[in-house]
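**Q** Let the sequences and hints guide you as you build the complete structure.
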Amino acid sequence: MTDRRTMTNQQVLAVCRSNWEYRGIDDGSVREMLDELSAHLEDAVAAGRTPQDVVGDDVKEFAASWARARAPFPRRLLRTAAMVCFVIGWLILATCLLRWTTERVVSVDDVAFWAVVAAVTVAWELRRGSLGLGRSLAVALVAGSAAVLLSRWLGGDGELFTLPLWAAPALLLPGLPYAVAEMRGRKRTAPGVD
Amino acid sequence: MTKGLPATGDQRRSQLLRGVLDLCLLSLIAERPRYGFEFVEALADNGLDLVSEGSIYPLLARLERERLISSYRAPSASGGAPRKYYRLTEAGRAELTSGRAVWHAFSGRVGRILTDTGPTGGSAP
Numbered sequence: 001m002t003d004r005r006t007m008t009n010q011q012v013l014a015v016c017r018s019n020w021e022y023r024g025i026d027d028g029s030v031r032e033m034l035d036e037l038s039a040h041l042e043d044a045v046a047a048g049r050t051p052q053d054v055v056g057d058d059v060k061e062f063a064a065s066w067a068r069a070r071a072p073f074p075r076r077l078l079r080t081a082a083m084v085c086f087v088i089g090w091l092i093l094a095t096c097l098l099r100w101t102t103e104r105v106v107s108v109d110d111v112a113f114w115a116v117v118a119a120v121t122v123a124w125e126l127r128r129g130s131l132g133l134g135r136s137l138a139v140a141l142v143a144g145s146a147a148v149l150l151s152r153w154l155g156g157d158g159e160l161f162t163l164p165l166w167a168a169p170a171l172l173l174p175g176l177p178y179a180v181a182e183m184r185g186r187k188r189t190a191p192g193v194d
Numbered sequence: 195m196t197k198g199l200p201a202t203g204d205q206r207r208s209q210l211l212r213g214v215l216d217l218c219l220l221s222l223i224a225e226r227p228r229y230g231f232e233f234v235e236a237l238a239d240n241g242l243d244l245v246s247e248g249s250i251y252p253l254l255a256r257l258e259r260e261r262l263i264s265s266y267r268a269p270s271a272s273g274g275a276p277r278k279y280y281r282l283t284e285a286g287r288a289e290l291t292s293g294r295a296v297w298h299a300f301s302g303r304v305g306r307i308l309t310d311t312g313p314t315g316g317s318a319p
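Order-wise, the sequence lines are chains A and B. Its first residue numbered 1, the first sequence is counted upward by one per residue in my numbering. Its first residue numbered 195, the second sequence is counted upward by one per residue in my numbering.
No lab work stands behind these hints: they were computed from the structure. Heads up, the beta-carbon is just placed ideally off N, CA and C, and yes, glycines get one too.
Beta-carbon label-pair distances, calculated as ranges:
#1 ARG75(A) - ASP310(B): 42 to 52 Å
#2 GLN11(A) - SER272(B): 17 to 27 Å
#3 GLY134(A) - VAL304(B): 53 to 63 Å
#4 ARG267(B) - GLU61(A): 26 to 36 Å
#5 SER264(B) - LEU97(A): 42 to 52 Å
#6 THR8(A) - PRO313(B): 51 to 61 Å
#7 ARG267(B) - ARG75(A): 17 to 27 Å
#8 GLU235(B) - MET183(A): 30 to 40 Å
In silico SDA-like pairs for lysine to any residue, Cα to Cα no more than 25 Å straight-line:
#9 LYS278(B) - SER65(A)
#10 LYS187(A) - SER29(A)
#11 LYS60(A) - ASP26(A)
#12 LYS278(B) - ASP26(A)
#13 LYS60(A) - ASP243(B)
#14 LYS187(A) - LEU173(A)
#15 LYS278(B) - ARG76(A)
#16 LYS60(A) - SER246(B)
#17 LYS278(B) - VAL245(B)
#18 LYS187(A) - PRO269(B)
#19 LYS60(A) - VAL245(B)
#20 LYS187(A) - PRO276(B)
#21 LYS278(B) - PRO72(A)
#22 LYS187(A) - ALA14(A)
#23 LYS60(A) - THR6(A)
#24 LYS278(B) - GLY56(A)
#25 LYS60(A) - GLN205(B)
#26 LYS278(B) - GLN10(A)
#27 LYS187(A) - LEU176(A)
#28 LYS278(B) - ARG49(A)
#29 LYS187(A) - TYR266(B)
#30 LYS60(A) - ALA81(A)
#31 LYS187(A) - LYS278(B)
#32 LYS278(B) - THR50(A)
#33 LYS278(B) - ASP216(B)
#34 LYS278(B) - GLU32(A)
#35 LYS278(B) - ASP27(A)
#36 LYS60(A) - MET7(A)
#37 LYS278(B) - ASP243(B)
#38 LYS278(B) - LEU222(B)
#39 LYS60(A) - GLN209(B)
#40 LYS60(A) - VAL117(A)
**A** The structure is reproduced here in structure tokens:
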């Protein structure tokens, strides 16, 4: 599938960043790849060429092929799975804290809401780059609400299962080493840090 | 492995280049360390245009994973922000030597077959 729109350098970099993050490339490697691609795009523009001359017609396919070459699939899959669990862990922790309860009842509405929000967010970000906070909230409001309304209309607000509070740290744990490594990596590459 | 016959000369050139691009990159690095854009310029100077310039990056990443090349950051010769340069490792040098031998043997054989000597006068069906 090709993307025939004319994209700017920034749009190309945004799509590549999202694709690499979702494909399990670690933060440090994403920064390195973005630096390299950004420099090449600037050189190409200075030489009278377009971003499409660099990345081809399909930016997503370009990003995917570089991701596949950069790190083997099992390692990327492991990282993505750990980060997904990390996010779910935080969601459980946050909702338990907000409701001041030691367990979280998961209903059909919850699954529908988060599944649709996640699907729309990932699909958008793979094609256009990061949504940003404003658009993310808009997606949650519009798509998420629509999903909840549809699920209630179809089957009602049934409870599926209950998650205890201890499930949160259990889900956070696999993603913790990656999160710590990324924080350290960001500190190392921060301006003014040698 | 080919999927059908290439429709145009450009497609055939592109397929052929894809088969030897890794050796070309290793050979260019053997001359001197380079960064991404310099590879594209060097290939173009030798009459080899890539369908998309960025196609070298997955290949460079694969070569680096296989430890045939290594990378380092250094200011570019033209000034500006530091670039990621690639240089050859000992394993890469050995791979290049072996690849060159394979290429010379292969291209010689193909060249002999493709040399247009005209019909040999065999009986028609």
